[in-house]
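Asks: Fit chain B to the supplied structure of chain A, relying on the hints for placement.
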Amino acid sequence: MNTLIYTSVLGFGLMVLEVLKLRKWISPAIILGLSLIFGINIHDWNQPGSYMGNMLEISNFTVAFNALAIFITLLIAMLASEYYSDEEHHISDYMAIMTFVLCGAQMMLGYANLVLFFIGIETLSISLYALSGSKRFDAKSNEAGFKYFLMGSFASGFLLFGIALMYGATQSFDLNKLAEYAMGTSVSPLFLTGLLLVLFALFFKVSAAPFHFWAPDVYEGAPSIITAFMSTLVKVVGFAAFYKFLHVFGYLIPVKFDWLITLVAILSLVTGNLSALAQENFKRLMAYSGISHAGYLLIGLVGAAAFPSSAILYYGLGYSLSTIGAFAIAMAVFKSTGSESISAFNGLGKKNPVLAACLTATMLGLAGIPPFAGFFGKFYIFSEAIQNGHFYLVLVGILSSMIGIYYYMKVVIAMYAKPANETKIEISLTNQLVMWLCLVLVLLIGIMPSLVTGLF
Amino acid sequence: MNPITNPESTTNWYLFLSCLLFSIGVMGVLFRKNALIILMCIELMLNAVNLLLVSFSAYSGNTDGQTFVFFIMVVAAAEVAVGLALMVSIYRNIGSIDIQSLNKLKW
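Order-wise, the sequence lines are chains A and B. Quick note: the first sequence, position 324, residue 324 per my numbering, numbers continuous. Quick note: the second sequence, position 57, residue 57 per my numbering, numbers continuous.
It is worth saying that the hints were derived from the structure and are not from the lab.
Ranges of calculated distance between the beta carbons of each label pair, as one might list FRET restraints: (1) B:A81 <-> A:S35: 28 to 34 Å; (2) B:Q66 <-> A:I413: 55 to 61 Å; (3) B:Y91 <-> A:L20: 30 to 36 Å; (4) A:L36 <-> B:V74: 27 to 33 Å; (5) B:L84 <-> A:F456: 43 to 49 Å.
To give a feel for the contact side, a few chain A residues facing chain B, derived at Cβ under 10 Å: (6) T123; (7) Y129; (8) N142; (9) F149; (10) F158; (11) V218.
Here's a subset of chain A near chain B, in silico, CB distances under 7 Å, partners left out: (12) A139; (13) K140; (14) G145; (15) L160; (16) Q171; (17) D217; (18) G221.
Small disclaimer: the values here were computed from a predicted structure and weren't measured. All C-beta atoms in this analysis are idealised placements derived from N, C-alpha and C, irrespective of residue type, glycine included.
For reference, chain A alone in the conformation it holds in the complex (with noise of 0.2 Å):
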């Protein structure tokens, strides 16, 4: 509760900079103001209530969550703070909007009730469809702020219907109201068709096939800071919210619904896997890298009655962790070779040793090869799922990892086997720093998951 007020008033304070002249205090300020907030979010824990008559809802789930948010936020806006470096003028903007977006992340992770969970959707999407045609004179960026608006709002739309049938069925937005009523003996048709609604625009938020058209698009045209910021807040954010929306529901959803999360799960596993074999452009490939993962974490959805929201937390992170070390690189890399294609990351073996042995890293974490936690957050939500007997799942899940291997490595190839070019790459030092942050982490949490799983 706390954090997100905090929050909201981080955002307006980063504004209120702006107006005072103090446009160079800004980026340490949501840095120090980021860090803050984790603090008072800790402080949360083992904490439970709710709060605003039953609007918000903290728990342990929630507060580890919240962790996550805030910490990919913080590292995205030590990132931020070197990337706009020379848009001096746009950046409270930019900053301030980001805090919205963990704002409505943070809705989206404690909401006890669809109203709050509805708002806290839109104020994420909204917030996101800004910065991604943010770069107002390129026309790619435009398209994509365009694309994710036009595509977003429509799924809004179908969320929107299924809250409003599922409460004439119930007369209630609680969750609490809406899960007694589906263990009843007698959930109407109405009450389903809204379920079924509210899932599909969940797919599309989380990117699974067949929801996915949205995706690579959209993460291309962005700039790379915003497709680093999607591909992992909005990701983890969704999947937590997916996930305790069908925990409400008990034995409803699996029963009503498991088969429709098994094939997009299939889907969004092939058509992720598949699609990404043929792109050239990095930010493409992450795209279509991140619609795979969706499948991954889909796996854990079915029958996500019995599966622990750990699972979920520590792939989340593994996977957030290894993307932004990666987009740290790529950043550093696009800037100064002026390409986002795969062919800029050529010869970076030589030019670079360090750099191309961290890319090399966080790629083969994304391909999830041990020690990294990659390894360890499928393994774990494959082990679960074995457990509930879904070994199907499990063996699509590993064909599409090892296909997984081949376009991760095509990076890997190009750094090391392709010859070099003239272009010398700089990195900053922030960018450096969050860079080895991610690795550090993402090393330590493979080799020790139990940090992280042991929480809850």
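Replies: Frame of chain A, contents of chain B only:
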């Protein structure tokens, strides 16, 4: 019973009407080419939901639904503000708001 005052039958009519409006909105988003018209169709979808919520709310005598409508209106306004801003910057860059001219990003 008078069909106008009978809550059961009127709610059914409102349900049909809002489903119809929602479908018109969906069809418009899927088939129209002008970005402005698509934006209007998205608004139509949201307002169909508002109608649905209000009629459910009136039927059950529970005011939660009517309160939610205000939130939806606020969100819809914010959405339109961002959407129109994006549309203006697209028009400045390429001189058209036909969505078929948005073809720089593709596989």
